[in-house]
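Peer 1: These protein sequences, in sequence, are chains A and B.
For what it's worth, our numbering labels the leading residue of the first sequence as 16, then goes sequentially.
For what it's worth, our numbering labels the leading residue of the second sequence as 7, then goes sequentially.
Check the hints yourself; a few may be wrong.
[Unchecked claim] Some but not every residue of chain B turned toward chain A, in silico, with C-beta under 10 Å:
{"no.": "1", "residue": "Met7"}
{"no.": "2", "residue": "Ser8"}
{"no.": "3", "residue": "Phe9"}
{"no.": "4", "residue": "Arg22"}
{"no.": "5", "residue": "Glu23"}
{"no.": "6", "residue": "Arg183"}
{"no.": "7", "residue": "Leu186"}
{"no.": "8", "residue": "Pro193"}
{"no.": "9", "residue": "Val194"}
{"no.": "10", "residue": "Asp232"}
{"no.": "11", "residue": "Pro233"}
{"no.": "12", "residue": "Thr235"}
[To be verified] Okay, the calculated bits of chain A under chain B, using three or more residues with CB under 8 Å as the criterion:
{"no.": "13", "stretch": "95-105"}
{"no.": "14", "stretch": "122-134"}
Think of the hints as simulated: they come from the structure by calculation, not from any bench.
C-beta: ideal position from N, C-alpha, C; glycine also.
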Amino acid sequence: MAYSPLLEARGLTKRYGDTVALDALDLGVNSGEVYCLLGANGAGKSTAINCFLDFVRPDTGSALIGGSVVADDPIGTKQRLAYIPETVMLYGNLSAVENLEYFATLATGTRPARPDLLKHLITAGLTEVQADQRVGGFSKGMRQKVGIAIALAKGADVLLLDEPTSGLDPKASNEFHGLLGMLRAHGAAVLMATHDLFRAKESGTRVGIMKRGRKVAELRTDEIGHADLEQLYLQHMHD
Amino acid sequence: MSFLTMLRFEWRVLRRERLLWVAVVFFGALGLYAASSGARFTAQQRLTIAELEQAHAQRRDSLGQLLGRLHAGDTSRRVSAFADPRSPAVVGRGLGAPYTILPPAALAPLAIGQRDVQPFWAQASTRTKQTFFVNDEIENPAVLVSGRLDLAFVILVVYPLIILALTFDAVAGERERGTLAIVLAQPVDPRRVLGAKLAARALLALALALGLTFVAVLLTGVSLGDPDTWLRLALWCAVIVVYGAFWFGISMAVNAARMSAAASAVSLLAAWLGVVVVLPAVAAAVVTVTHPSPSRIALTTRLREATDAASAKREDAMASFLLDHPAYIADASGGAPDPNVVSMALQDAAERVMAPEYAAFDAALDAQRDAAASFRFLSPALVTQAALLDLAGAGEARFRAYERQFDTYHAEWRDFFFSRTLSRRSLSPTDWDAIPMFRFAEESASALWRRLAPGLGMTLLLAMALAALGRRGLTAAAQAR
Ligand SMILES: Nc1ncnc2c1ncn2[C@@H]1O[C@H](COP(=O)(O)OP(=O)(O)OP(=O)(O)O)[C@@H](O)[C@H]1O
Ligand SMILES: [Mg+2]
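This is chain B alone, in the form it adopts within the complex (with noise of 0.2 Å):
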């Protein structure tokens, strides 16, 4: 008898079972109001960018048509210092500035995850960078049990107990009702056998999953048009697949173990419990210790201090920065020096002392944030999580990387206006359409694929170890009377 007959006569049996009825109707309720929920998340964020863009445009154009009359000559109209299109210095520091946006990832309907901490939009500033970012939430496990309702947090909890729910007694079921006596009876092997009961039950508990990603990708509109995306949308298929093995290992295993079918549900119940709660607690509570959050409090505090020095040292502030810039000098007319560039000094001198502090600072975000990526494996759900997480671009992953394009846009726009305020040029219309814009770069597809592989392929190893093991015990359940 091929497995795939062995599989239809199982399903023929399940599909008369009213377990599997309200497995699917609550599978596919909660499935689908957490991808409503995701969904209008999205929406949500995606209609605040809309505004702040369209905000933009509007200033951007009325300020672009002020620059072009001033340009051309025309006095009609008094300007204020401080909001002179002309100027570099003010614009710099944000006179019309655009905004950097993160944009919700292609597949972000289908997770929630950290995005409702971390923020997705600044705007473009000379100031300190630091004063952009209020982020240190590292991922937090409890989100695993308390987080959001998304697609990604049934799929990490509860699609492994419909698995368990499916399974638990696919073994242990029949030999107590007796069935399994007649079914030994016959010149089969009891692995094939009761290896096909036990996938039966699975791939219906995987085809739910898939089934509903794919519900979830077609009611929240997530656009298809990018092959990227097709990818990503891939991706996410395999760890459904690659988590659900891991889940059926421990029910085989489990099942193998000749338990009463009672016993063999609170394993497998404690099982659950250990990977999906203890051990991300646990992971989180030692990172905590071994890694504790800097205070981005005292950080704040400590640059004001050094602001406050500086600016009380003006001259040695003013003094060293004009060391640091001899072309600026070359030409400076004597007189008092400009404001702006006496700002500029200030800001130099305080960013000096906080240099490594900032330094520090990140480091030991980052030393956390990979203690908290290598604990991921003590358990296949945090591997998963991040994962998910992460195809959806709502980990932390994502995040850094926009704070590190937004680094770089930082850096840029900073040149673009200290280096015309310092030359004294005021911004011509033609400098108005040269200032840096950001626009997010999405990490490939397959790059995402070769960070998350290690996790994968580990939970998978993990899953087919437990197989094997389930597999040698099956036999001696044949025996087991």
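With the rest of the complex left out, here is chain A (with noise of 0.2 Å):
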């Protein structure tokens, strides 16, 4: 291969039981890509997810990140990767600059000072009084955003998002996606799973549209209009 994308997905298959979690699913995202996976509940985007984190072992393919597999190497891939999934949990009695403390040190073992921390809160949207505060009061949107100043403190290339914005309101949503711009116009490359067709249309670069373990069709969203890509995907769901 001429390009090796940074997120890849080889023949990835999972089974549970009976039930085709992941049915020999192909995709790669490049750097400066948001690739979107669409797909009913249950189309298996959130177990794709989980095999770039190993917290589901593929039965057989393999999950690339960088190059490297993730099930031989899962610390290593670990190291360039930021995870933000629906909610962003973290330390009820913390405070925002607390808990990115934390993980920010997990993740580089390097303890980062506070002024550094503090800029990558604010970078992510919330207000230097707010970086103090208890994260146990935090709403949804305010959690979010400290999930991207966790990806900011890592310097993370690659993004994965589980429905970062649902349960978000509109203007969150709306800075979340421009949070996610920013990053990917550093040259991330963000796999997110999302129900929001129109999020998908406005910040995505492809789409992905998954269907009982299967990736049924895959196109660039500047090849298509908001309503095309909704007939699509109603098209695909029907049959």
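With the hints as a guide, dock the two chains, each given alone in a separate frame, to form the complex.
Peer 2: Now the structure itself:
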């Protein structure tokens, strides 16, 4: 292969008893790309993302990050990766800065200075006052911002997002995608599972539609309009 | 990220949790109350001992003065034959006799243990030794759950609960709250991070138990002048560490089993119940069946019968006694035999009959104690209990040592007075000063250590096996979602 995508799935297959969660899934996400995984509940989007985190070991096939097989080097491949699930759960009794300090230290092995931590939190959209507040009282949107700050502190160039904006109000969702655009502009490769077709078209560079563990369609977002994407999605869900 | 940094972070999180402070207050208050109860019990014993010693010193002084006057030929006062300090038979039977005292050990305030059922003093006498002590209680495992509240009990029963309460949801809780996913998305070995989460909590419990010991030692006035006491204290702490490691191992294995927090709480509680309550009770029940206590009452009855039989055949008893003590015959001046010698002869005859029964009785008790000791290996709680009690001098080992030393002393005492009775020597002031005194010789801490080592070693091995099992499981816990 001439180029190697930052994120790559090669024939990923995972079964749970009789359920096929992933069925020979192939995909690749390059630096500067936002790849949106679409599909009904239970289509296998989260399972795919979890394979990149070594939370799930595929039965066959492999997940690769920067050319390394995740299952062979789970710790090494996590070095450049950030994960933002639907709700970024943090230590409720600690402040945003303290949470970030812990995860950044876990991620980089060195303890960042407070000004650096504050800088990342502010870049992610929190105020300085909020940065010192207990995370226990944070809204979902504020938690996602701490998640982004972790990615920034880590200098991650591979982002795995599992429905990161579901449940966010439109403004928070908009802000989140703004940050995503910034990370992408810095060369990050983003894999995002989402049910939001509008956002997928807006901030995604490519979309893949999944059904029962298989990728049934894949296209560039600049080749298709909003209405056409919805049409295509519904068509795949029906047959 | 270094392990220590991970621990520090966990402590930061824990510090802000109410559970920790509830545990600290509960454990601390209970521990201090227990320590004060041990201190009160020990102070009471010391008071009794001081009173006994003072009473003896007074009697000894006044009898000694009387003896001096009589010896000097002062006949101004008539002395009853039963209170004559010159008579070796009378003094030997207990006139002004010293007490054989088992003093509380250096760390006594830390454990009451068996001490509330063990006699800790007796008076020296030429009488048959079997009549001195009545103590057939084997280590009673019910003491584990219903014994007097002392620090050893708190460590044995409550300390594991604190470890388990702090660690039971270290992994499951984070998984259920969702923080685990963010943690495990970082480039760290899950075994290390999760191990740190568990260790941080267990170390807190350990610090609490050790801290409590030190506070108890300071508050109860344990004197720390003797290096041997320091060694015992160090061993006490080592026992806490090893016992804690065992519970940490159990918690680690359960945490790694990928159960819900509620399920792991139930499993750990079941383990606690099994190790601290059920196994000890089973061990006790089995020992009671396989090695029933020999009856002290039956033995006393037999001794009375043997004494009666000897009195009935007084001539025979006298004849065989004289056969054994030809020196007495040699200078016997005829006439009626000394009643003191007759009573010696009767005691001798009775004890001759009883000797095999005593031996059988002691052997049965020893066998029972040995069986109880080997059953200890069933449960680390039993091993730990025995170790803590031994270190505080409240176990049965120290009492057995006291009994053995008492036996030796008793023989020495008898020899001293019987030989003088037989040679018809009255006691002189020099003799008076040479009357044997009892002084309990404490087992050295290093000898104690050799005795405790196998049990502690086994517990430590068990802890390591459990922790290794848990460590393996923690890797899988990273994938369990
Ligand atoms: N641990 C598991 N045990 C058994 N079945 C599982 C497990 N995880 C996922 N599955 C099954 O695998 C399939 C794919 O699940 P997955 O969570 O990947 O779907 P998804 O596309 O993320 O759905 P959603 O949109 O609801 O998040 C589903 O049928 C699910 O029931
Ligand atoms: Mg999902």
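Peer 1: For each hint, tell me whether it holds in the structure or not.
Peer 2: Structure-based check of each hint:
1. Met7: holds (5 Å)
2. Ser8: holds (9 Å)
3. Phe9: Not OK, violated: Phe9 of chain B not within 10 Å of chain A, min 12 Å.
4. Arg22: Holds - the Cβ of Arg22 of chain B comes within 10 Å of chain A, reaching about 4 Å at its closest.
5. Glu23: Since the shortest Cβ distance to chain A is 7 Å, the answer is holds.
6. Arg183: holds (6 Å)
7. Leu186: OK, holds: Leu186 of chain B within 10 Å of chain A, min 8 Å.
8. Pro193: At about 4 Å, which falls below the 10 Å cut-off, the nearest Cβ of chain A leaves the hint on Pro193 of chain B intact, so it holds.
9. Val194: This interface hint holds because 6 Å falls under the 10 Å limit.
10. Asp232: Since the shortest Cβ distance to chain A is 46 Å, the answer is violated.
11. Pro233: Not OK, violated: Pro233 of chain B not within 10 Å of chain A, min 43 Å.
12. Thr235: Because about 42 Å separates Thr235 of chain B from the closest Cβ in chain A, which is outside the 10 Å limit, the hint is violated.
13. 95-105: holds (count 8)
14. 122-134: As far as the stretch 122-134 of chain A goes, the hint holds, because 3 residues have Cβ atoms under 8 Å from chain B.
The structure fails hints 3, 10, 11 and 12 (numbered hints given earlier, in ascending order).
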